[in-house]
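**Student:** Letter by letter, the chains look like this.
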Amino acid sequence: MISPCSWSNCSADASWITDLPSPLALIAEVTHRCPLHCVYCSNPVQLAATAAELSTQEWIGVFAQAGRLGMLHAHFTGGEPLARADLTELVAGARATGLYTNLITSGIGLNEQRLQALVDAGLDHIQVSFQDSREEAANWIAGAKAHAHKIELARAIRRHKVAFTVNLVVHRQNLDHLAEMIAFTEQLNPDRVEIAHAQYYGWALANRVALMPTREQVERAVAIVADAEKRLAGRMRIDSVVPDYYAKYPKACMGGWGRRLMLINPSGKALPCHAAEVLPGMSFENVREKPLESIWRESPSFQRFRGEEWMPEPCRTCQFRAEDFGGCRCQAFLLAGDAAVTDPACSLAPAHHAIESAVQEANSMASKAHPIAGSSFVKWQKENAEFWTYRKNPE
Amino acid sequence: MILFPEGALKLQGTGRQVLERCDGRRTFGQIVSALQEEFGTTDPEKIRSDITMFLEQLQRRRIVDY
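Top line first, the protein sequences correspond to chains A and X. The opening residue of the first sequence carries number 1 in this note's numbering; numbering runs sequentially from there. The opening residue of the second sequence carries number 1001 in this note's numbering; numbering runs sequentially from there.
Do not rely on the hints blindly, as some may be mistaken.
Among chain X residues calculated to face chain A with C-beta under 10 Å, some are [to be verified]: (1) Met1001; (2) Leu1003; (3) Ala1008; (4) Cys1022; (5) Asp1023; (6) Gly1029; (7) Ala1034; (8) Glu1037; (9) Arg1061; (10) Asp1065.
Label pairs and their in silico Cβ distance ranges [claimed, not checked]: (11) A:Glu298 x X:Glu1045: 54 to 60 Å; (12) X:Glu1056 x A:Glu186: 41 to 47 Å; (13) A:Val242 x X:Ser1049: 33 to 39 Å; (14) X:Tyr1066 x A:Ala183: 52 to 58 Å; (15) A:Glu298 x X:Tyr1066: 16 to 22 Å; (16) A:Glu323 x X:Glu1056: 40 to 46 Å; (17) X:Gly1007 x A:Gly307: 19 to 25 Å; (18) A:Glu186 x X:Tyr1066: 34 to 40 Å; (19) X:Glu1056 x A:Glu219: 26 to 32 Å; (20) X:Thr1041 x A:Gln116: 24 to 30 Å; (21) X:Gly1029 x A:Asp86: 29 to 35 Å; (22) X:Gln1012 x A:Gln116: 32 to 38 Å; (23) X:Gly1024 x A:Glu386: 37 to 43 Å.
The set of hints was computed from the structure by calculation and includes no laboratory data. Glycine included, C-beta positions come from ideal geometry on N, C-alpha and C.
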């Protein structure tokens, strides 16, 4: 609640919207193609094929339905959304139905001219990820020579009227110089920075040993972030989250299953979250066959873990069940083998040992590598094959 | 309704009246005096400090700059 209303007669001037019967945002994974090969990518290991991608008109139809359904935001993500030649048209289509448009990008494929076209089409916000502050390390993590271009692009973005967020994905290999990464980000002058610990889904789960930080790294990072928040207040907003493997309670994944967000994958499948396709025995409906509203309200997949009915103990009687919704269904399946149990990240979960052993492993090993200078993806892939697996591209 | 990265604010009453006047041209002082005039029965200092607090909260979230 945030309000100046003590001098007039109203009790609720401005409230953060939390509970709407309609979803708040549409996550549009417009393609799984990507010029980067980040080892922490949370895309499914089984990527959607290029040939199956929704057409321009199909996407525009989806945005129109989202607008009518009362959604507020459209997040363009992927893969790399810029790999779609029609991205400007898609942004204009989303904007036309009243959606706030957010482009989540690596920046590869964007030049001054295309940026201008996107801003003219009504793009509201652009979020660029940086893999590190150090060029050699950043390119090594991405498996692509992208860092220098991103810096150039960040400068170009500030010349346009569009909100700008820098996203720093942090993990074992770069957390030791987080303070330097924040200082680097300040030079790019964004409105906002997200400090996101890698989450272990998709490619990141396959690379967990190389990515998972030690407890000491996490504790130092928390202190560095708190310090930066104080120093940068009013200039650069910092959003950061403690990694769930080191938390006491699980994250409120997607704000609750089928409660706030709807993800459409490149081939039109409607998913309650990024990783839901890994869940066995579930089928997801496609926007090519059903209207968005009926998928949201009636599909068995969106209803499966909505609300509290599905909850096992200890969630069912837990005082936090309306805050974290039992955590992440995909993590429950990936680590405990059953999507319908409490997220093992919860310290009260019967399967918490799966997290404890991963934490123990991460704190007993010296799994840190030196960045390998490379020149091509093939070379990086070959020289790091023992250490981690780079994200590949769809067929 | 104000939309911004990763969030939304529903505005009514005085919060809305303050933000509607944030048009990139009016100064902080002009906005305060306009509202002091409109809410003539309330202590003007109280109005100034409430608006200050409101806008500071929004600035910390990088929703307004001034």
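**Student:** Each hint: holds or not?
**Tutor:** Verification of the hints:
Interface restraint check: X:Met1001 against chain A, minimum CB-CB distance 8 Å, threshold 10 Å, status holds. At a threshold of 10 Å, the smallest CB-CB gap from X:Leu1003 to chain A is about 4 Å, leaving the interface hint in force. With a least beta-carbon distance of about 5 Å to chain A, the hint placing X:Ala1008 at the interface is held under the 10 Å criterion. Violation of the interface hint for X:Cys1022 is found here, the shortest Cβ-Cβ separation to chain A being roughly 13 Å, above the 10 Å cut-off.
Because the smallest distance between the Cβ of X:Asp1023 and any Cβ of chain A comes to about 14 Å, over 10 Å, the interface hint for this residue is violated. Against a cut-off of 10 Å between C-beta atoms, the interface hint on X:Gly1029 is violated, since the closest Cβ of chain A lies about 16 Å away. Proximity of X:Ala1034 to chain A is violated relative to the hint, the smallest CB-CB distance being about 14 Å (cut-off 10 Å). Hint on X:Glu1037 is violated. Least Cβ distance to chain A is approximately 13 Å, over the 10 Å limit.
Because the closest C-beta pair between X:Arg1061 and chain A is about 6 Å apart, less than 10 Å, the hint holds. Of the supplied interface hints, the one on X:Asp1065 holds, with its beta-carbon coming within about 9 Å of a beta-carbon of chain A, less than 10 Å. The given range of 54 to 60 Å is respected by A:Glu298 and X:Glu1045, whose C-beta atoms sit roughly 55 Å from each other. Hint check: X:Glu1056 to A:Glu186, Cβ distance near 21 Å, so the stated range 41 to 47 Å is violated.
A hinted range of 33 to 39 Å for the beta carbons of A:Val242 and X:Ser1049 is consistent with their spacing of about 35 Å. Between X:Tyr1066 and A:Ala183 the Cβ separation comes to about 26 Å, which falls outside the hinted range of 52 to 58 Å. Range check, A:Glu298 to X:Tyr1066: Cβ separation about 46 Å, and the 16 to 22 Å hint is violated. For the pair A:Glu323 and X:Glu1056, the supplied restraint of 40 to 46 Å is violated, since their beta-carbon distance comes to about 28 Å.
In this structure the supplied range 19 to 25 Å holds for X:Gly1007 paired with A:Gly307, their Cβ-Cβ distance being about 24 Å. Evaluation of the 34 to 40 Å hint for A:Glu186 and X:Tyr1066 yields a failure: the beta carbon distance comes to about 21 Å. At about 31 Å, the beta-carbon gap between X:Glu1056 and A:Glu219 stays in the expected band of 26 to 32 Å. The beta-carbon spacing between X:Thr1041 and A:Gln116, approximately 50 Å, falls outside the hinted interval of 24 to 30 Å.
Take X:Gly1029 and A:Asp86: their Cβ atoms lie about 47 Å apart, and the range 29 to 35 Å is violated. Here the CB-CB span from X:Gln1012 to A:Gln116 is close to 36 Å, well matched to the stated 32 to 38 Å. Look at X:Gly1024 against A:Glu386: about 56 Å separates their beta carbons, and that is not inside 37 to 43 Å.
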